[in-house]
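A.B. asks: Chains as they are written, first to last, in my numbering: chain H, 1 to 434; chain F, 1 to 336.
Since the hints were derived computationally from the structure, they do not count as laboratory data.
Please note that the accuracy of each hint is not assured.
[Unchecked claim] Going by beta-carbon spacing under 10 Å, a handful of chain H positions derived as facing chain F: (1) Gly129; (2) Phe130; (3) Pro167; (4) Ile354.
Here a beta-carbon is modelled for each residue, glycine too, at the ideal position from N, C-alpha and C.
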Amino acid sequence: MSDKVKTIGLFALVAVLIIGTGFVQSWNSALLILNLGLISAVMALGVNLQWGFAGLFNVGIMGFVALGGLAAVIVAMPPTNEAWAAGGIRVLLGLLLGAATIVGTILTYKAMAPGKIRNITLIGVLLVGFFVFRTVFDGGVEAIEAVNPSVSGYLGGLGLPVLIAWPIGGLLAAGAAWIIGKTALGLRSDYLAIATLGIAEIVIAVLKNEDWLSRGVKNVIGLPRPVPYEIDLQNDPAFVERAINLGVDPVTASTLYVKLAYSALFAVVLIVLLILAQRALHSPWGRMMRAIRDNEVAAEAMGKDVTARHLQIFVLGSAICGIAGAMMTTLDGQLVPTSYQPLRFTFLVWVMVIVGGSGNNLGAVLGGFLIWFLWVQVEPIGLWLMQTLTSGMSEGYWLRDHMLEGAAHMRLFTMGLILLLVLRFSPRGLLPEK
Amino acid sequence: MDILNAIVALSNFVLIPAIAYGSQLALGALGVTLIYGILRFSNFAHGDTMAFGTMATILFTWALQSAGVSFGPLPTALLALPFGIAACVLAVLATDRVVYKFYREVKAKPIILVMASLGVMFIFNGIVRFIIGPDEQRFADGERFIITAREFREMTGLQEGLALKSTQGITVVTAVIVVALLFWFLNRTRTGKSMRAYSDNEDLALLSGINPERVVLVTWLIVAALATIAGVLYGLDKSFKPFTYFQLLLPIFASAIVGGLGSPLGAIAGGFVIAFSEVFVTYAWKKVLGYMLPESLEPSGLVQLLSTDYKFAVSFAILLIVLLFKPTGLFKGKAV
Numbered sequence: 001m002s003d004k005v006k007t008i009g010l011f012a013l014v015a016v017l018i019i020g021t022g023f024v025q026s027w028n029s030a031l032l033i034l035n036l037g038l039i040s041a042v043m044a045l046g047v048n049l050q051w052g053f054a055g056l057f058n059v060g061i062m063g064f065v066a067l068g069g070l071a072a073v074i075v076a077m078p079p080t081n082e083a084w085a086a087g088g089i090r091v092l093l094g095l096l097l098g099a100a101t102i103v104g105t106i107l108t109y110k111a112m113a114p115g116k117i118r119n120i121t122l123i124g125v126l127l128v129g130f131f132v133f134r135t136v137f138d139g140g141v142e143a144i145e146a147v148n149p150s151v152s153g154y155l156g157g158l159g160l161p162v163l164i165a166w167p168i169g170g171l172l173a174a175g176a177a178w179i180i181g182k183t184a185l186g187l188r189s190d191y192l193a194i195a196t197l198g199i200a201e202i203v204i205a206v207l208k209n210e211d212w213l214s215r216g217v218k219n220v221i222g223l224p225r226p227v228p229y230e231i232d233l234q235n236d237p238a239f240v241e242r243a244i245n246l247g248v249d250p251v252t253a254s255t256l257y258v259k260l261a262y263s264a265l266f267a268v269v270l271i272v273l274l275i276l277a278q279r280a281l282h283s284p285w286g287r288m289m290r291a292i293r294d295n296e297v298a299a300e301a302m303g304k305d306v307t308a309r310h311l312q313i314f315v316l317g318s319a320i321c322g323i324a325g326a327m328m329t330t331l332d333g334q335l336v337p338t339s340y341q342p343l344r345f346t347f348l349v350w351v352m353v354i355v356g357g358s359g360n361n362l363g364a365v366l367g368g369f370l371i372w373f374l375w376v377q378v379e380p381i382g383l384w385l386m387q388t389l390t391s392g393m394s395e396g397y398w399l400r401d402h403m404l405e406g407a408a409h410m411r412l413f414t415m416g417l418i419l420l421l422v423l424r425f426s427p428r429g430l431l432p433e434k
Numbered sequence: 001m002d003i004l005n006a007i008v009a010l011s012n013f014v015l016i017p018a019i020a021y022g023s024q025l026a027l028g029a030l031g032v033t034l035i036y037g038i039l040r041f042s043n044f045a046h047g048d049t050m051a052f053g054t055m056a057t058i059l060f061t062w063a064l065q066s067a068g069v070s071f072g073p074l075p076t077a078l079l080a081l082p083f084g085i086a087a088c089v090l091a092v093l094a095t096d097r098v099v100y101k102f103y104r105e106v107k108a109k110p111i112i113l114v115m116a117s118l119g120v121m122f123i124f125n126g127i128v129r130f131i132i133g134p135d136e137q138r139f140a141d142g143e144r145f146i147i148t149a150r151e152f153r154e155m156t157g158l159q160e161g162l163a164l165k166s167t168q169g170i171t172v173v174t175a176v177i178v179v180a181l182l183f184w185f186l187n188r189t190r191t192g193k194s195m196r197a198y199s200d201n202e203d204l205a206l207l208s209g210i211n212p213e214r215v216v217l218v219t220w221l222i223v224a225a226l227a228t229i230a231g232v233l234y235g236l237d238k239s240f241k242p243f244t245y246f247q248l249l250l251p252i253f254a255s256a257i258v259g260g261l262g263s264p265l266g267a268i269a270g271g272f273v274i275a276f277s278e279v280f281v282t283y284a285w286k287k288v289l290g291y292m293l294p295e296s297l298e299p300s301g302l303v304q305l306l307s308t309d310y311k312f313a314v315s316f317a318i319l320l321i322v323l324l325f326k327p328t329g330l331f332k333g334k335a336v
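For reference, chain F alone in the conformation it holds in the complex (with noise of 0.2 Å):
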């Protein structure tokens, strides 16, 4: 029994990783469900305006850092962000204008917009991938460690490291920054309350006299910029490669669905319960349970659930199971 080295084991290789990627996934989600509570329809091509604007902060990236210009021991990366930002609200504004827009004026169904956004998912798509290629790009640089593994055990005689990532620490700041600004945007501004007003009851809305396209081009650009800081911490965290960005279009959904579409609220804790279950259900748990149990009990397997190839169905079934025993969701979202 050891419980000390169990816990920082745990932390390691489950806590601090699910924490990182919960609030990538929740940045996501807050994007897909604000396009949902405003425009009202599941928007496909997120995943790959993430990507978008991924890309175009590491072409920024690429620039500043051949420019001799770097942010000490972050990432250069994170000055590239506004510009990163721009681009990638000037690329979504002039979507909306060409495609989502009449849809919405000629006030077409809900699934009429979700197959456009599908369409926009594929020209995007094809876009990132004819600007940057298909493959993997590492452009994270700075510090790499704020705690390596060593010093930490140096620091406290412990057998297990902990490791904590400079990436995963920025991570998480920037997280709790942008959804503390957002929160503070919703609910105190009177842009937000307006948004929020719209999202409630869109007749009422605009027979108060609140400009229906205002709000739109506000959502547009709230969601640019969240999306545009997710890819981006997703891709110092882990790497960047289009593909991943339209399949993490799954688990963000899931998390959106889980929370509740519709509730920022919701997004945020759909986006952890998705990425704890993810990680919980494919670590392998032989190292913890190695400390925790004696010695007799000690597993001889790996004691992981399910192979890392299938954390994808880990979001599916949560999903379904969201799906068939909670339809709106844990912090009831508005579809039904």
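Isolated chain H (complex conformation) (with noise of 0.2 Å):
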């Protein structure tokens, strides 16, 4: 088989699936299905540019989804004026003096000899600007969280299309990245891995904590759409006449209008970022990775910056993680912190990248829409096979509803499991580099 029919047959088969879902439950859990599908589609592209080209293992995928999500609410929003005029510009002011503190301390490191009068007067210089920035922001947080906090207590965004908000989060993700990749590139493989493990966990840790600045727990809900509202669809004539001239509930028509056009933007995304990501892959750029990749001291002794090189493309994945979070959030219409778990957003999609195939952008794409599918049906499937084990026992027998308790944990189970097997049998994936 080749490798084109083989492609083509993969593909055809998720296609039949998200149909065969609209057939035999809804289509609007198809539609569900496709969308989410799309943007894992779009996560798994970032992480096989960071390990199908470059070998990197970014453990921190959360964490850049997370900060795209954030970019949506800064962006999209509309900003909360009386927050500003109580404490933005102290916030920002601290922001600044945070930031300065920092570049100070850098500079001054810079700037002396070593020894222990250096020493010092960096432990004088970044105590003085943290108690500075301290003071400085604290009153201005607490006079903004003050501001009403039932319905906002935090800045606000900037009001802008929240469109603008997909390429902003990518910035936002790539700029994280940039500090983790300086630190931890160019050292052991494993502390890459570990760095951004830490990095998601306080990303979340921000935004669950930094209530001014994302609401918190509160979350924000109610972010502006791209796509028009069911409930106005369903009050124009037009809408309501072409619904009922195709023989659909002029209800259930609106609800899939909007997650049609919601499929449109997404699909848009993702063959851009495909065709660029297939373009990078065949230039010469794309060729000097996998060579890096398959030998670093070989590649280093041709001339090439290894370390910089994997910077460029750690940070450009990360990239493309928080452009794939932006989206996601603009389709939930809210920022959910608690909603941020590392198993939903990093250790789904490095399965997704390993069974669609590392190295391969299709199978990456693949793997997305594959695992996403069986991601949403597991759990029905789990709770049915769990039904049927314990069907022998009697009602009300401990280890049945303890069994049945479980099910909900077989997920877990299920993507460990599907990691091993694949990474031990078939370690090249399903559509395998070429």
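Assembling the complex is the task here: the two chains are given apart, and the hints tell you how they should meet.
C.D. replies: Here it is, written out as structure tokens:
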């Protein structure tokens, strides 16, 4: 079987699965799977860039995705004018002072000769800077969070169209990736993994605790949409008429229309990124990347700056994850920091890339769709399995209850098992790298 | 100015908790560093191995409790600990057989082993949540305190109380015994020496007739024991929750790297460095400063550098600083 036939066949299989969901369950759930499948495919593309092209192990995808989500809030929400008046300037000034402290420390470090005096000066600069930062910053934060806390209590955003948030989300994620990459790349490969694991936890902690920025665990709801609202469509006589002419109930038609509009937007992003990634893979740059991945020493001997290239591709891949994160928050219409779980946002994406075929962009996209479909459908299957297993036990027997309750945790187990099985028996994935 | 009260308050809220937490981290980091030294990969499943061992210990504790067995003033979990270790050893050895052995034989890159350990982490996590559930479990029984705050106040007549929880005492005593045993084993016994030789130079060790599979087996035995002990001590001191144990991975890795991956002494030092910085930075210093400074200078705020929600940020910041300035860690680990 040639590669082309296999690729087309596997993608057709995914299409059949999703369309089948439409016929068996409902078209709304089929489109939901499609939309999140598109977003997952974008994330998988980003991770494939890092792992497939360059062999970089990023276990902090969740953090970059969450930064994208934050971008959606910062860009699209209307600004809270009272909060800005109460403490906006003060918080910004505080952040500037904080940044100035760090820059000042770095400058002092570079300007002075090594020795005890330098260490003492550095500690002094950091301590003074920190306390000045806290004094300015804390007052601003308190003032902002006091503004009408039940509905706002945060700075709000810039009130721009939400689509702008997608590239901005990419930029935010790229910035975080640059800091991580700058410190951890060039050292042992495990260090990058540990550093990314850390940054992800910290990004989530910031989102949960900095109420002035993201309302913390109170969540930001009602993000503006790039597509029309269902209720407006239902009140639009022209739309209702068209729906009736097509023989669809107008309410269902409006939900389907909105979801299809999202699908179209996401598909455009995915296709653009896929074309770019394919071009990159087949360009001299892509060949160089794979050469570095396969033999760092030889590539270095040929005059390639391995660390700089790694940093470049790490930042690019994380930016794509940030874009996907902004897209997802746009689709949800809300930012819920507690919903970011490493299992769902980091490791699931890894399973997608490895199962699909690392090093092959189409493979990553395929993995994104296929694994997302399984992820959605595994829970009902697991529950069914547990019910079948326990059907012989009497009602109320402790083991029966326990097993039914535990079905929800089978997802972890299944994902781990898939990862291990694929890694062991088919490390090149469904669509191997050519 | 009231130095005595300040010292007591400082010990009560900072020193004692940090020493207990540091011992727990040190035991966890020792496991990570041993795996790194002998098997040469960062084991992401370590947090969940700890959770697995602790879960087994909790189950045995419950069994003992329902059988009416108790350990007097000490927690019953200490009696159940050997059984928990045995269960954890079995689980870990089975994993090695099924998962890691293959990659060792094909001499896979370390990063592939790291990915495999990620898969193992999931499976362990799933098993633990399936068996004991995702909720918090408290399993400490016996005496709660060695000295309560009130007893201390009555004893010394000071204004500040000093409470010493029995779990904190047990943690430190156990950690000292375990570490002493481990170092005696590594430095004095034949097997321990062969482990260090294998870690230093694999080829040379193989040439001198050291059986690598035996070294790996012993390593897993020790790591399972260390992980279970660390997990049980942490669970006794605070509480057991599967997700918390997964999150412990970051401070544990930070400890191992700060000390120098592959260096047992470094792992212990790293554990205390991380624990002390975490507690120092997230403690509200108002009380201690209130005793130390003249009344006019008494701070109005809490004087807390960072809220406790950011304790992971502390481990992370220290990790970044060490990676930037001294990537081999304080005690010259093997990784660069």
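A.B. asks: Was the hint right that Phe130/H lines chain F, CB cutoff 10 Å?
C.D. replies: Cβ of Phe130/H sits 7 Å from chain F, so the hint holds.
A.B. asks: Let's test the interface hint: is any C-beta of chain F closer than 10 Å to that of Pro167/H?
C.D. replies: Violated: closest Cβ of chain F sits about 27 Å from Pro167/H, beyond 10 Å.
A.B. asks: Min Cβ distance, Ile354/H to chain F: is it shorter than 10 Å?
C.D. replies: Where the cut-off is 10 Å and the nearest Cβ of chain F is about 8 Å from Ile354/H, the hint holds.
A.B. asks: Min Cβ distance, Gly129/H to chain F: is it shorter than 10 Å?
C.D. replies: violated, 13 Å
When held up to the earlier numbered hints, the structure conflicts with 1, 3 and fits the remainder.
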